[in-house]
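Asker: The primary structure of each chain is shown beneath.
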Amino acid sequence: MARSALALAISLSLLTGARPAVGVTMPEAGFGAVIDRGEWSGYISIDARLFPKSPEFPSQKDQDFSLALKPEYFVDWDSGDQRFAVSPFFRYDTADNQRTHADIRELYWQIERGRWIGKAGIDVVFWGVTESQHLVDIINQTDLVENIDGEEKLGQPMLNVDYLSDHGTWQLYMLPYFRERTFPGKHGRLRTDPEVDTRNPQYESGSKEQHIDLALRWSQHLGDWDIGLAHFSGTSREPYLNPDASQGGLDLLPLYVQIDQTSLDAQATKGAWLWKLEAIYNHNTLEDYVAYVGGFERTSFGVAGSNADLGVLLEYHYDERGDEATNGLQSDVYLGLRLTANDLPGTMALAGVLYDTDTQAVFGNIEASRRLGENWTLALELRFTTNTDEKDNLYFFRSDDYLGVELTRHF
Amino acid sequence: MKRKLSGNTAHRPAGVNNYLPVLAALVLSLFYHPAVLADADVEKGMAIAIEADRRDSGFGDSTVDLTMLIASASGDIVTREMRQMVLEVANDGDKSIMVFDRPRDLKGTAILTFTHKSGDDEQWLYLPALKRVKRISSADKSGPFMGSEFAYEDLSSQEVEKYRYRYLRDDAIDGTPCFVVERVPVDKNSGYTRQLTWVDQDEYRLQRVDYYDRKDSLLKSMRPVGYQQYLDRYWRPSEMVMSNHQTGKSTTLKFGNYQFRTGARDADFTPSAIARIR
Numbered sequence: 001m002a003r004s005a006l007a008l009a010i011s012l013s014l015l016t017g018a019r020p021a022v023g024v025t026m027p028e029a030g031f032g033a034v035i036d037r038g039e040w041s042g043y044i045s046i047d048a049r050l051f052p053k054s055p056e057f058p059s060q061k062d063q064d065f066s067l068a069l070k071p072e073y074f075v076d077w078d079s080g081d082q083r084f085a086v087s088p089f090f091r092y093d094t095a096d097n098q099r100t101h102a103d104i105r106e107l108y109w110q111i112e113r114g115r116w117i118g119k120a121g122i123d124v125v126f127w128g129v130t131e132s133q134h135l136v137d138i139i140n141q142t143d144l145v146e147n148i149d150g151e152e153k154l155g156q157p158m159l160n161v162d163y164l165s166d167h168g169t170w171q172l173y174m175l176p177y178f179r180e181r182t183f184p185g186k187h188g189r190l191r192t193d194p195e196v197d198t199r200n201p202q203y204e205s206g207s208k209e210q211h212i213d214l215a216l217r218w219s220q221h222l223g224d225w226d227i228g229l230a231h232f233s234g235t236s237r238e239p240y241l242n243p244d245a246s247q248g249g250l251d252l253l254p255l256y257v258q259i260d261q262t263s264l265d266a267q268a269t270k271g272a273w274l275w276k277l278e279a280i281y282n283h284n285t286l287e288d289y290v291a292y293v294g295g296f297e298r299t300s301f302g303v304a305g306s307n308a309d310l311g312v313l314l315e316y317h318y319d320e321r322g323d324e325a326t327n328g329l330q331s332d333v334y335l336g337l338r339l340t341a342n343d344l345p346g347t348m349a350l351a352g353v354l355y356d357t358d359t360q361a362v363f364g365n366i367e368a369s370r371r372l373g374e375n376w377t378l379a380l381e382l383r384f385t386t387n388t389d390e391k392d393n394l395y396f397f398r399s400d401d402y403l404g405v406e407l408t409r410h411f
Numbered sequence: 001m002k003r004k005l006s007g008n009t010a011h012r013p014a015g016v017n018n019y020l021p022v023l024a025a026l027v028l029s030l031f032y033h034p035a036v037l038a039d040a041d042v043e044k045g046m047a048i049a050i051e052a053d054r055r056d057s058g059f060g061d062s063t064v065d066l067t068m069l070i071a072s073a074s075g076d077i078v079t080r081e082m083r084q085m086v087l088e089v090a091n092d093g094d095k096s097i098m099v100f101d102r103p104r105d106l107k108g109t110a111i112l113t114f115t116h117k118s119g120d121d122e123q124w125l126y127l128p129a130l131k132r133v134k135r136i137s138s139a140d141k142s143g144p145f146m147g148s149e150f151a152y153e154d155l156s157s158q159e160v161e162k163y164r165y166r167y168l169r170d171d172a173i174d175g176t177p178c179f180v181v182e183r184v185p186v187d188k189n190s191g192y193t194r195q196l197t198w199v200d201q202d203e204y205r206l207q208r209v210d211y212y213d214r215k216d217s218l219l220k221s222m223r224p225v226g227y228q229q230y231l232d233r234y235w236r237p238s239e240m241v242m243s244n245h246q247t248g249k250s251t252t253l254k255f256g257n258y259q260f261r262t263g264a265r266d267a268d269f270t271p272s273a274i275a276r277i278r
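Line by line, the protein sequences give chains L and C. The numbering of the first sequence is my numbering, which starts it at 1 and goes up by one. The numbering of the second sequence is my numbering, which starts it at 1 and goes up by one.
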């Protein structure tokens, strides 16, 4: 409380032009009165994706090259209790005009007052614990043209209030504008057949993208346990893709329904073992369903007398909808190996396979990265499918195995 | 800890008069017994650790800027920059946050640690690219920090209860009289069988640590230098040099801009709070 009172005294004195009489040691002492800290950072990257197999459709290319830019700026004032942050994102892609896109990942004002934190603007929020699927993560829309792993997100407009109670953190979100999922275009690889027409999204709600979504989350850490409980009420981030009847089924139209989704995420940390679970109950007008993903990551530190750590990941995916599961993870097993070299260039690698126990389809993924010198990083991504079945979502990617190489300059 | 210190006298039967310890000491000095002497060294080692801890307690919270200069195998110097915030916790280990500024690809990455006097520490990692806070295993004590000669356990909060102690001898470092105390990590995940610490007799500041690896060979030595006193009480070094005797490599950790009692609160040291740090 003393800190807030002092902050208020400083901002008042700024208004009146008087110099604040600061008698105690403050972290921002010496930085001047108004701005505590502000900084530019970000990255620029070039990447290539090479597809060794011939494309399914003649419009698709064997490779694509692209350039991405993401500057970030923030400034803190009011003893660090207020912040403005902005971070635009831009990608140019040589093959797919849908992958050439711009977004605002961050543009917000944030204020802290004691146990309360308020935020207004655009931001990205992550929920969850598992590695091979982010089931409970729902605030932001997936920027699918960026990466099929679903980890890249579009900036979400929001009003957000956090309350830091003695018994966990409460987070309330009011989301006034819906972001549609991005999909590869006609010339892009890793797309559906037929392609998704993003110009004509369908909504269950008459308010369409103006529907106001609400979300509430409580999270707490209790000894070895980290637990999150959340409820989301609003427009589903994951669309159903339906053939466009008016076009004679030449395109797929995304349909965004209204959902009420209650979720649990939990992790138990027992020494070198991390036990993880994410579960949802999704209530909507088409089909209520339960889905979960759970498993463990176990790390061996300093394997074979080296400095490297080796982790084994095992996760099981279930979706009550079975064959109709929109993400295709109805009964799948993920087995992965994570190598952390603990060396100066920060070398890391993650290799894994996702196995569909119903169709026996396999999706393989190898990611590796390391620093080059002080400011550059090199990342590799190898993805492949085998044994894909026509009724599996992976069937769309049957000819789209690829090797991605990305070189990034951080500043 | 007081219980442990008085442990040797706690079993004295009621009614025995006060001269008994003196008498016992006389008898023992006549019949020299190394185990008893060693026991006294354990007590003295423990007492030194407790006194050093007592002198450093009450600082409340602090922040410091860190620069790590890592000599690579090729002889190049690689620089890493971090900020650290520490919150003193009554009757338990400190809470701390380490935020990375350089290299730039790690900018904004933060590690939150709850140190515990007994049992496993708790740790969370914030990954700014995904805006994800991850609870991570704290079992990785011995791994190198950022590819440097410092291990994670060398940089963690040094709680009294994390070691067993034995006073060995008096010695001098650069003319400063020191106690040499051997300490053995309690945690079985530690990368060390033991450490020799040099603690100066005037201010109970750490002046040197020798680290012995799992084969009990001398692995590294650490020298804190440039001590300055803050708030008229708390001594902090301006530099720590860690030299690896087995590889010949070394890492220098520089400290700057120490701040104390900044008004940090418990709510600033939570998993959700590290996602807000820049």
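Don't read these hints as lab results, they were simulated from the structure. It is possible that part of the hints are untrue.
[Unchecked claim] Using 16 Å as the maximum straight-line C-alpha spacing, the simulated EDC-like pairs for lysine to aspartate or glutamate come out as follows:
id, chain 1, residue 1, chain 2, residue 2
1, C, K134, L, E151
2, C, K249, L, D343
3, L, K70, C, D41
[Stated by the list, open to error] What follows is a list of derived Cβ distance ranges for each label pair:
id, chain 1, residue 1, chain 2, residue 2, range
4, C, L69, L, K391, 55 to 63 Å
5, C, L218, L, Y316, 46 to 54 Å
6, C, S217, L, N387, 32 to 40 Å
7, C, R261, L, L286, 51 to 59 Å
8, L, W109, C, G248, 26 to 34 Å
9, C, G248, L, L159, 51 to 59 Å
10, C, R261, L, T100, 13 to 21 Å
11, C, L69, L, N242, 34 to 42 Å
12, L, Y355, C, R265, 42 to 50 Å
13, L, L172, C, A129, 20 to 28 Å
14, L, A379, C, P177, 50 to 58 Å
C-beta atoms are modelled at their ideal positions from N, C-alpha and C, and glycine is treated no differently.
Asker: To test your reading of the hints: which numbers does this structure violate?
Answerer: 3, 6, 8, 10, 11
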